[in-house]
Amino acid sequence: MEIEGKVIAVLPEQGGVSPRTGNAWKSQEYVIETHDQYPRKCCFRVFGADRISAMNIQVGEELRVSFDVDAREYQGRWYNTLSAWRVDRVDPAAAQAAAMGAQPMPAPGAFPPPPAGFAPAAQTATPAVQENPFPPVQQEGENSADDLPF
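In this note's numbering, the protein residues as written are 875 to 1024.
Incorrect hints may appear among the rest.
[As the list claims (entries may be wrong)] Straight-line distance between alpha carbons at most 30 Å, and here's what the computed DSBU-like set of lysine-lysine pairs gives:
no., residue 1, residue 2
1, 915, 880
2, 900, 880
3, 915, 900
What the hints contain is simulated information worked out from the structure, not anything from laboratory work. Owing to the predicted nature of the structure, the values given are computational and were not obtained by experimental measurement.
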């Protein structure tokens, strides 16, 4: 999965020692905010001291983050973790232009508008039956007991 936006928070680095392997580990979380019409905030994690220093993420940067989603249960509640595996810097001007120029999604089943300069093909003559698919209304007169219009 992927998300693009501005880093609004860098949370404190966490670390410890694995009881199973005895190796030290480090992890750091970041909060990113999208540039959508209704901005969303998302917290993602980078695991490993080498990856944290290589990515060197700072507050205010425009990023495109690729991540995996994982969930775990703790005391009957479920928690999600977004683990980043790739972080790309994005040009801030391009990110803002893309957000401003974003068109709303068309309704399902809607046809896209024709391209600029498109002229429809000339219509061919069609039989009169297709022009009026309904038979003409038959008048029964004013003395009819049924005066409903349908």
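Tested hints:
Using a Cα cut-off of 30 Å, the hinted pair residue 915 and residue 880 holds, with the two alpha carbons roughly 9 Å apart. Note on residue 900 and residue 880: the hinted pairing holds, with a Cα-Cα distance of about 23 Å set against a maximum of 30 Å. As the CA atoms of residue 915 and residue 900 are separated by approximately 23 Å, the hinted pair is consistent with the 30 Å bound.
The structure meets every hint from the earlier list without exception.
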